[in-house]
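Undergrad: With the hints as constraints, model all of the structure from the sequences given.
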Amino acid sequence: MKLNRLYILAALLLSAVGLVKADDSGKNQFNPITTGVTSLSIAPDARGASMGDIGAATEPDANSQFWNPSKYAFAYSTGAVSLSYTPWLRKLVNDIFLANVSGYWKLGSQDNQALSATLRYFSLGEVNANGPGDATGQSLNPYEMSVDVGYSRKLSEKFAMGVVFRYIYSDLGFSDSYAGDQQTGASAFSADISGYYTTYPIIGRNECQWSWGWDISNIGTKVQFNNGENPAFLPTNLRLGTTFMFPLADYHTLALSLDLNKLLVPTRPREIDYDTDTTEGQAAYLDALENWENMSPITGIFKSFSDAPGGFSEELREIYYSIGAEYSYNQQFFLRAGYYHEDQYKGNRQYFGIGAGFSLNVLRLDASYMMATAQTSPLDQTLRFTLTFDMDGLREILGKRRR
1 MKLNRLYILA
11 ALLLSAVGLV
21 KADDSGKNQF
31 NPITTGVTSL
41 SIAPDARGAS
51 MGDIGAATEP
61 DANSQFWNPS
71 KYAFAYSTGA
81 VSLSYTPWLR
91 KLVNDIFLAN
101 VSGYWKLGSQ
111 DNQALSATLR
121 YFSLGEVNAN
131 GPGDATGQSL
141 NPYEMSVDVG
151 YSRKLSEKFA
161 MGVVFRYIYS
171 DLGFSDSYAG
181 DQQTGASAFS
191 ADISGYYTTY
201 PIIGRNECQW
211 SWGWDISNIG
221 TKVQFNNGEN
231 PAFLPTNLRL
241 GTTFMFPLAD
251 YHTLALSLDL
261 NKLLVPTRPR
271 EIDYDTDTTE
281 GQAAYLDALE
291 NWENMSPITG
301 IFKSFSDAPG
311 GFSEELREIY
321 YSIGAEYSYN
331 QQFFLRAGYY
341 HEDQYKGNRQ
351 YFGIGAGFSL
361 NVLRLDASYM
371 MATAQTSPLD
381 QTLRFTLTFD
391 MDGLREILGK
401 RRR
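What the sequence shown shows, in our numbering, is residues 1 to 403, in sequence order.
Derived from the structure by calculation, the hints contain no laboratory data.
Hints should not be assumed to be uniformly reliable.
If you anchor each label on the Cβ, the simulated ranges turn out as follows [claimed, not checked]: (1) G311 / F358: 46 to 54 Å; (2) N141 / S109: 41 to 49 Å; (3) Y169 / I298: 40 to 48 Å; (4) F246 / N361: 20 to 28 Å; (5) L248 / G311: 41 to 49 Å; (6) F312 / R270: 41 to 49 Å; (7) H252 / N361: 14 to 22 Å; (8) F333 / E290: 28 to 36 Å.
The beta carbon of each residue, even a glycine, is placed where N, CA and C say it ideally should be.
TA: See the structure below:
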(Lines of atoms letter the chains of each structure in order from A; the text may use other names.)
(Lines give C-alpha, C1' and ligand atoms only; values in the text may rest on other atoms or scores of the structure.)
Protein backbone atom coordinates (compact mmCIF):
# COMPACT_ATOMS: atom_id res chain seq x y z
CA MET A 1 0.00 0.00 0.00
CA LYS A 2 1.47 3.35 -1.05
CA LEU A 3 0.81 6.21 1.31
CA ASN A 4 2.52 9.42 2.29
CA ARG A 5 2.76 11.26 5.58
CA LEU A 6 -0.28 13.39 4.81
CA TYR A 7 -2.35 10.26 4.44
CA ILE A 8 -1.06 8.96 7.76
CA LEU A 9 -2.18 12.10 9.53
CA ALA A 10 -5.51 11.96 7.72
CA ALA A 11 -6.03 8.39 8.89
CA LEU A 12 -5.28 9.38 12.47
CA LEU A 13 -7.69 12.29 12.21
CA LEU A 14 -10.40 10.03 10.87
CA SER A 15 -9.87 7.57 13.67
CA ALA A 16 -10.32 10.40 16.16
CA VAL A 17 -13.10 12.54 14.77
CA GLY A 18 -14.79 10.67 11.90
CA LEU A 19 -16.05 12.33 8.75
CA VAL A 20 -18.19 15.46 8.72
CA LYS A 21 -19.84 17.05 5.72
CA ALA A 22 -19.79 20.70 6.69
CA ASP A 23 -21.81 23.01 4.50
CA ASP A 24 -21.45 26.77 4.43
CA SER A 25 -23.85 27.15 7.36
CA GLY A 26 -22.04 24.73 9.65
CA LYS A 27 -18.38 24.76 8.71
CA ASN A 28 -17.63 27.67 11.06
CA GLN A 29 -19.03 25.66 13.97
CA PHE A 30 -16.99 22.52 13.30
CA ASN A 31 -14.33 22.67 16.00
CA PRO A 32 -13.18 19.26 17.30
CA ILE A 33 -10.56 19.00 20.01
CA THR A 34 -7.19 17.95 18.61
CA THR A 35 -4.75 15.67 20.46
CA GLY A 36 -1.73 13.53 19.80
CA VAL A 37 -1.65 9.73 20.02
CA THR A 38 -5.35 9.47 19.21
CA SER A 39 -5.12 5.67 19.22
CA LEU A 40 -5.23 5.84 23.03
CA SER A 41 -8.92 6.73 22.73
CA ILE A 42 -9.89 3.66 20.69
CA ALA A 43 -11.85 1.09 22.69
CA PRO A 44 -9.74 -2.09 22.65
CA ASP A 45 -12.23 -4.84 23.56
CA ALA A 46 -15.34 -6.24 21.92
CA ARG A 47 -17.52 -6.18 25.05
CA GLY A 48 -17.28 -2.45 25.71
CA ALA A 49 -17.46 -1.57 22.01
CA SER A 50 -20.60 -3.63 21.45
CA MET A 51 -22.43 -1.49 24.04
CA GLY A 52 -21.44 1.79 22.36
CA ASP A 53 -18.03 2.19 24.06
CA ILE A 54 -19.19 1.69 27.66
CA GLY A 55 -17.24 0.49 30.66
CA ALA A 56 -17.00 2.96 33.55
CA ALA A 57 -19.35 0.99 35.82
CA THR A 58 -19.97 -2.34 34.08
CA GLU A 59 -19.03 -5.66 35.68
CA PRO A 60 -15.24 -6.09 36.01
CA ASP A 61 -13.42 -8.06 33.35
CA ALA A 62 -9.86 -8.42 32.06
CA ASN A 63 -10.14 -5.21 29.98
CA SER A 64 -11.14 -2.90 32.85
CA GLN A 65 -7.73 -1.20 32.63
CA PHE A 66 -9.00 0.92 29.71
CA TRP A 67 -12.42 1.76 31.18
CA ASN A 68 -11.97 1.89 34.95
CA PRO A 69 -9.07 -0.02 36.58
CA SER A 70 -10.53 0.28 40.09
CA LYS A 71 -13.08 -2.38 39.08
CA TYR A 72 -10.37 -5.05 39.30
CA ALA A 73 -10.64 -4.99 43.10
CA PHE A 74 -14.19 -6.37 42.73
CA ALA A 75 -13.33 -9.04 40.15
CA TYR A 76 -14.62 -12.51 40.99
CA SER A 77 -11.73 -14.46 39.50
CA THR A 78 -8.20 -14.55 40.88
CA GLY A 79 -6.87 -13.43 37.52
CA ALA A 80 -7.47 -13.25 33.79
CA VAL A 81 -5.67 -12.39 30.54
CA SER A 82 -7.38 -10.92 27.48
CA LEU A 83 -6.28 -10.66 23.84
CA SER A 84 -8.13 -8.22 21.54
CA TYR A 85 -7.80 -7.42 17.85
CA THR A 86 -9.48 -4.61 15.91
CA PRO A 87 -9.05 -4.03 12.15
CA TRP A 88 -9.28 -0.23 11.92
CA LEU A 89 -10.64 1.95 9.08
CA ARG A 90 -11.27 -1.12 6.93
CA LYS A 91 -13.46 0.91 4.57
CA LEU A 92 -10.32 2.86 3.58
CA VAL A 93 -7.35 0.51 3.98
CA ASN A 94 -6.75 -3.11 4.89
CA ASP A 95 -3.66 -3.17 7.08
CA ILE A 96 -4.32 -0.74 9.97
CA PHE A 97 -5.12 -2.51 13.23
CA LEU A 98 -5.13 -2.25 17.01
CA ALA A 99 -3.85 -5.17 19.11
CA ASN A 100 -4.32 -5.16 22.88
CA VAL A 101 -3.24 -7.49 25.70
CA SER A 102 -4.67 -6.87 29.18
CA GLY A 103 -4.65 -8.80 32.42
CA TYR A 104 -4.89 -8.65 36.19
CA TRP A 105 -4.05 -10.70 39.26
CA LYS A 106 -5.67 -10.46 42.68
CA LEU A 107 -3.28 -10.06 45.61
CA GLY A 108 -3.44 -11.32 49.18
CA SER A 109 -5.93 -13.51 50.96
CA GLN A 110 -8.52 -10.80 51.67
CA ASP A 111 -9.58 -10.44 48.01
CA ASN A 112 -9.40 -6.64 48.14
CA GLN A 113 -6.55 -5.59 45.83
CA ALA A 114 -5.19 -6.34 42.37
CA LEU A 115 -2.30 -5.66 40.02
CA SER A 116 -3.02 -5.11 36.33
CA ALA A 117 -1.16 -4.40 33.10
CA THR A 118 -1.86 -3.62 29.44
CA LEU A 119 0.12 -3.54 26.21
CA ARG A 120 -1.43 -1.69 23.22
CA TYR A 121 -0.03 -1.65 19.69
CA PHE A 122 -1.59 0.44 16.93
CA SER A 123 -0.13 -0.20 13.48
CA LEU A 124 -0.69 2.10 10.50
CA GLY A 125 0.39 -0.59 8.08
CA GLU A 126 3.10 -0.36 5.47
CA VAL A 127 3.88 3.05 4.00
CA ASN A 128 6.06 3.66 0.94
CA ALA A 129 7.61 7.13 1.06
CA ASN A 130 8.61 8.66 -2.26
CA GLY A 131 11.92 10.41 -2.82
CA PRO A 132 12.75 13.26 -5.22
CA GLY A 133 11.02 12.95 -8.58
CA ASP A 134 8.62 10.33 -7.18
CA ALA A 135 11.48 7.88 -6.93
CA THR A 136 10.88 4.87 -4.70
CA GLY A 137 11.87 5.75 -1.18
CA GLN A 138 11.74 4.03 2.18
CA SER A 139 9.28 1.38 3.20
CA LEU A 140 7.92 2.35 6.63
CA ASN A 141 5.78 0.78 9.34
CA PRO A 142 4.58 3.69 11.52
CA TYR A 143 2.97 2.72 14.80
CA GLU A 144 1.90 3.86 18.25
CA MET A 145 2.18 1.81 21.39
CA SER A 146 1.72 2.05 25.13
CA VAL A 147 2.45 -0.14 28.13
CA ASP A 148 1.04 0.43 31.60
CA VAL A 149 0.72 -1.10 35.05
CA GLY A 150 -2.02 -0.46 37.58
CA TYR A 151 -2.97 -1.08 41.18
CA SER A 152 -6.50 -1.13 42.60
CA ARG A 153 -7.77 -1.62 46.15
CA LYS A 154 -11.05 -1.75 48.01
CA LEU A 155 -11.33 1.07 50.53
CA SER A 156 -14.60 -0.36 51.87
CA GLU A 157 -16.94 -3.22 51.04
CA LYS A 158 -18.57 -1.10 48.35
CA PHE A 159 -15.91 1.31 47.12
CA ALA A 160 -12.53 0.92 45.43
CA MET A 161 -9.97 3.18 43.79
CA GLY A 162 -7.22 2.50 41.30
CA VAL A 163 -4.18 4.13 39.70
CA VAL A 164 -2.34 3.40 36.45
CA PHE A 165 1.08 4.52 35.19
CA ARG A 166 1.67 4.48 31.45
CA TYR A 167 4.53 4.86 28.97
CA ILE A 168 3.56 5.98 25.45
CA TYR A 169 5.58 5.90 22.24
CA SER A 170 4.50 7.24 18.86
CA ASP A 171 6.65 6.64 15.77
CA LEU A 172 5.01 8.28 12.74
CA GLY A 173 8.09 9.87 11.13
CA PHE A 174 11.12 8.69 9.22
CA SER A 175 14.61 9.78 8.29
CA ASP A 176 14.60 11.70 5.01
CA SER A 177 18.07 11.02 3.64
CA TYR A 178 17.48 13.38 0.71
CA ALA A 179 16.74 16.41 2.87
CA GLY A 180 18.86 15.46 5.83
CA ASP A 181 15.75 15.41 8.01
CA GLN A 182 16.29 12.95 10.86
CA GLN A 183 12.94 12.36 12.54
CA THR A 184 12.51 10.27 15.65
CA GLY A 185 9.59 8.88 17.61
CA ALA A 186 7.95 10.80 20.41
CA SER A 187 7.53 9.56 23.99
CA ALA A 188 5.25 10.56 26.83
CA PHE A 189 4.23 9.44 30.31
CA SER A 190 0.77 9.53 31.82
CA ALA A 191 -1.29 8.33 34.77
CA ASP A 192 -4.92 7.39 35.42
CA ILE A 193 -6.95 7.66 38.60
CA SER A 194 -10.35 6.04 39.06
CA GLY A 195 -13.07 5.04 41.49
CA TYR A 196 -15.83 2.43 41.53
CA TYR A 197 -18.81 2.09 43.87
CA THR A 198 -21.29 -0.77 43.85
CA THR A 199 -24.31 -1.62 46.00
CA TYR A 200 -27.04 -4.26 46.00
CA PRO A 201 -30.51 -2.75 46.48
CA ILE A 202 -33.57 -4.95 46.95
CA ILE A 203 -36.37 -4.08 44.54
CA GLY A 204 -39.50 -6.12 45.12
CA ARG A 205 -38.20 -9.59 45.88
CA ASN A 206 -35.12 -9.29 43.69
CA GLU A 207 -31.60 -8.34 44.62
CA CYS A 208 -30.22 -5.95 42.00
CA GLN A 209 -26.82 -4.35 41.53
CA TRP A 210 -26.27 -0.63 41.03
CA SER A 211 -22.75 0.59 40.26
CA TRP A 212 -21.12 3.96 39.65
CA GLY A 213 -17.69 4.62 38.23
CA TRP A 214 -15.35 7.41 37.18
CA ASP A 215 -11.97 7.47 35.51
CA ILE A 216 -9.58 10.29 34.56
CA SER A 217 -7.14 8.83 32.05
CA ASN A 218 -3.92 10.00 30.37
CA ILE A 219 -2.97 12.75 32.78
CA GLY A 220 0.60 13.35 31.70
CA THR A 221 3.24 15.07 29.66
CA LYS A 222 2.81 16.36 26.16
CA VAL A 223 4.00 14.24 23.26
CA GLN A 224 6.76 16.12 21.40
CA PHE A 225 6.56 15.45 17.66
CA ASN A 226 9.23 16.57 15.19
CA ASN A 227 11.95 16.90 17.82
CA GLY A 228 9.77 19.06 20.06
CA GLU A 229 8.71 21.54 17.39
CA ASN A 230 5.13 20.26 17.32
CA PRO A 231 3.97 19.47 20.88
CA ALA A 232 0.56 17.86 21.29
CA PHE A 233 -1.68 17.17 24.26
CA LEU A 234 -2.43 13.59 25.20
CA PRO A 235 -6.14 12.64 25.01
CA THR A 236 -6.78 13.24 28.71
CA ASN A 237 -10.35 12.09 29.32
CA LEU A 238 -12.94 12.21 32.09
CA ARG A 239 -15.35 9.25 32.06
CA LEU A 240 -18.42 9.01 34.33
CA GLY A 241 -20.81 6.08 34.24
CA THR A 242 -23.47 4.03 35.95
CA THR A 243 -24.84 0.50 35.46
CA PHE A 244 -28.02 -1.03 36.86
CA MET A 245 -28.28 -4.81 36.68
CA PHE A 246 -31.43 -6.74 37.61
CA PRO A 247 -32.66 -10.33 37.22
CA LEU A 248 -35.31 -11.11 34.62
CA ALA A 249 -35.81 -14.71 35.75
CA ASP A 250 -33.70 -17.60 36.99
CA TYR A 251 -30.32 -17.44 35.25
CA HIS A 252 -31.40 -14.42 33.18
CA THR A 253 -30.09 -10.90 33.93
CA LEU A 254 -30.14 -7.55 32.14
CA ALA A 255 -27.73 -4.66 32.71
CA LEU A 256 -28.41 -1.10 31.50
CA SER A 257 -25.50 1.35 31.33
CA LEU A 258 -24.77 5.01 30.66
CA ASP A 259 -21.36 6.64 30.17
CA LEU A 260 -20.51 10.34 29.79
CA ASN A 261 -17.12 11.50 28.50
CA LYS A 262 -15.28 14.79 28.12
CA LEU A 263 -11.79 15.41 26.80
CA LEU A 264 -9.82 17.46 29.32
CA VAL A 265 -7.84 19.18 26.58
CA PRO A 266 -7.96 22.89 25.69
CA THR A 267 -9.46 23.82 22.35
CA ARG A 268 -6.89 24.84 19.75
CA PRO A 269 -7.40 28.46 18.60
CA ARG A 270 -8.86 28.78 15.13
CA GLU A 271 -7.79 31.46 12.70
CA ILE A 272 -11.40 31.85 11.63
CA ASP A 273 -12.30 33.20 15.09
CA TYR A 274 -9.98 36.20 14.66
CA ASP A 275 -10.08 39.18 12.35
CA THR A 276 -6.93 38.23 10.48
CA ASP A 277 -7.56 40.94 7.89
CA THR A 278 -6.06 43.36 10.41
CA THR A 279 -2.60 43.40 11.94
CA GLU A 280 -4.12 43.36 15.43
CA GLY A 281 -6.23 40.30 14.61
CA GLN A 282 -3.28 38.41 13.19
CA ALA A 283 -1.20 39.21 16.28
CA ALA A 284 -4.03 38.13 18.59
CA TYR A 285 -4.36 34.80 16.78
CA LEU A 286 -0.61 34.11 16.87
CA ASP A 287 -0.48 34.98 20.58
CA ALA A 288 -3.41 32.65 21.32
CA LEU A 289 -1.79 29.85 19.32
CA GLU A 290 1.53 30.31 21.12
CA ASN A 291 -0.19 30.26 24.50
CA TRP A 292 -2.00 27.06 23.52
CA GLU A 293 1.22 25.38 22.39
CA ASN A 294 3.07 26.40 25.57
CA MET A 295 0.23 25.59 27.97
CA SER A 296 1.03 22.90 30.51
CA PRO A 297 -1.15 19.76 30.51
CA ILE A 298 -2.43 20.45 34.04
CA THR A 299 -3.39 24.01 33.14
CA GLY A 300 -5.02 22.64 30.02
CA ILE A 301 -7.24 20.31 32.10
CA PHE A 302 -8.78 23.25 33.97
CA LYS A 303 -8.83 25.43 30.85
CA SER A 304 -10.82 22.77 28.97
CA PHE A 305 -13.97 23.58 30.95
CA SER A 306 -14.16 27.23 29.87
CA ASP A 307 -12.25 27.87 26.64
CA ALA A 308 -14.72 26.93 23.90
CA PRO A 309 -15.26 29.91 21.52
CA GLY A 310 -19.02 29.33 21.60
CA GLY A 311 -19.24 29.58 25.39
CA PHE A 312 -21.25 27.27 27.64
CA SER A 313 -23.34 25.83 24.80
CA GLU A 314 -20.21 24.65 23.00
CA GLU A 315 -18.78 23.24 26.23
CA LEU A 316 -21.88 21.04 26.49
CA ARG A 317 -21.26 19.82 22.94
CA GLU A 318 -17.90 18.49 24.10
CA ILE A 319 -19.66 15.93 26.31
CA TYR A 320 -20.35 12.75 24.38
CA TYR A 321 -22.44 9.88 25.72
CA SER A 322 -23.00 6.16 25.35
CA ILE A 323 -25.99 4.05 26.31
CA GLY A 324 -25.94 0.27 26.25
CA ALA A 325 -27.45 -2.98 27.46
CA GLU A 326 -26.10 -6.45 28.18
CA TYR A 327 -28.25 -9.58 28.48
CA SER A 328 -26.72 -12.60 30.20
CA TYR A 329 -27.89 -16.19 30.47
CA ASN A 330 -26.23 -17.97 33.40
CA GLN A 331 -23.10 -15.83 32.85
CA GLN A 332 -22.32 -18.06 29.88
CA PHE A 333 -24.10 -16.49 26.92
CA PHE A 334 -24.26 -12.72 26.32
CA LEU A 335 -26.06 -10.40 23.92
CA ARG A 336 -25.15 -6.71 23.83
CA ALA A 337 -26.18 -3.51 22.07
CA GLY A 338 -25.50 0.20 22.47
CA TYR A 339 -25.27 3.64 20.90
CA TYR A 340 -22.46 6.20 20.90
CA HIS A 341 -23.09 9.88 20.22
CA GLU A 342 -20.69 12.75 19.64
CA ASP A 343 -21.87 16.19 18.55
CA GLN A 344 -21.67 16.78 14.81
CA TYR A 345 -19.47 19.84 15.30
CA LYS A 346 -17.11 18.08 17.72
CA GLY A 347 -16.28 15.05 15.61
CA ASN A 348 -19.60 13.52 14.49
CA ARG A 349 -18.81 9.98 15.64
CA GLN A 350 -22.27 8.47 15.92
CA TYR A 351 -22.79 4.75 15.67
CA PHE A 352 -24.58 1.68 16.98
CA GLY A 353 -22.78 -1.32 18.39
CA ILE A 354 -23.97 -4.90 18.65
CA GLY A 355 -22.21 -7.99 19.89
CA ALA A 356 -22.30 -11.37 21.54
CA GLY A 357 -20.17 -13.45 23.85
CA PHE A 358 -19.83 -17.04 24.95
CA SER A 359 -18.08 -18.11 28.15
CA LEU A 360 -16.79 -21.50 29.25
CA ASN A 361 -14.95 -22.41 32.42
CA VAL A 362 -11.60 -21.23 31.09
CA LEU A 363 -12.28 -19.34 27.90
CA ARG A 364 -14.55 -16.48 26.84
CA LEU A 365 -14.97 -15.23 23.28
CA ASP A 366 -16.55 -11.85 22.50
CA ALA A 367 -17.21 -10.17 19.17
CA SER A 368 -18.70 -6.80 18.24
CA TYR A 369 -19.80 -4.97 15.10
CA MET A 370 -20.08 -1.21 14.63
CA MET A 371 -22.71 0.42 12.41
CA ALA A 372 -22.18 4.14 11.83
CA THR A 373 -25.24 6.33 11.28
CA ALA A 374 -23.46 8.10 8.39
CA GLN A 375 -22.78 5.89 5.38
CA THR A 376 -19.64 7.89 4.59
CA SER A 377 -18.08 7.20 8.00
CA PRO A 378 -14.82 5.23 7.81
CA LEU A 379 -15.72 3.66 11.18
CA ASP A 380 -18.71 1.83 9.72
CA GLN A 381 -18.56 -1.99 9.75
CA THR A 382 -15.73 -2.09 12.30
CA LEU A 383 -15.23 -5.53 13.85
CA ARG A 384 -13.58 -6.39 17.16
CA PHE A 385 -12.63 -9.74 18.65
CA THR A 386 -11.62 -10.50 22.23
CA LEU A 387 -10.40 -13.76 23.73
CA THR A 388 -10.18 -14.01 27.52
CA PHE A 389 -8.53 -16.73 29.61
CA ASP A 390 -9.69 -17.17 33.22
CA MET A 391 -6.94 -18.21 35.62
CA ASP A 392 -9.28 -19.87 38.15
CA GLY A 393 -10.79 -22.05 35.43
CA LEU A 394 -7.36 -22.96 34.11
CA ARG A 395 -6.15 -23.83 37.60
CA GLU A 396 -9.20 -26.02 38.15
CA ILE A 397 -8.59 -27.97 34.94
CA LEU A 398 -4.90 -28.45 35.72
CA GLY A 399 -5.78 -29.60 39.23
CA LYS A 400 -8.16 -32.26 37.90
CA ARG A 401 -5.55 -33.56 35.47
CA ARG A 402 -2.99 -33.94 38.24
CA ARG A 403 -5.44 -36.07 40.21
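Undergrad: Each hint should be assessed against the structure and marked as holding or not.
TA: These are the hints, each one checked on the structure:
1. G311 / F358: 46 to 54 Å: Roughly 49 Å apart at Cβ, these two residues keep to the hinted range, so it holds.
2. N141 / S109: 41 to 49 Å: Since the Cβ atoms of N141 and S109 sit about 46 Å apart, the hinted range of 41 to 49 Å holds.
3. Y169 / I298: 40 to 48 Å: This hint is violated: roughly 22 Å between Cβ atoms.
4. F246 / N361: 20 to 28 Å: 26 Å, holds
5. L248 / G311: 41 to 49 Å: Because 45 Å falls inside the window, the suggested range holds.
6. F312 / R270: 41 to 49 Å: Because 18 Å falls outside the window, the suggested range is violated.
7. H252 / N361: 14 to 22 Å: 20 Å, holds
8. F333 / E290: 28 to 36 Å: At roughly 56 Å between Cβ atoms, E290 and F333 fall outside 28 to 36 Å, so the hint is violated.
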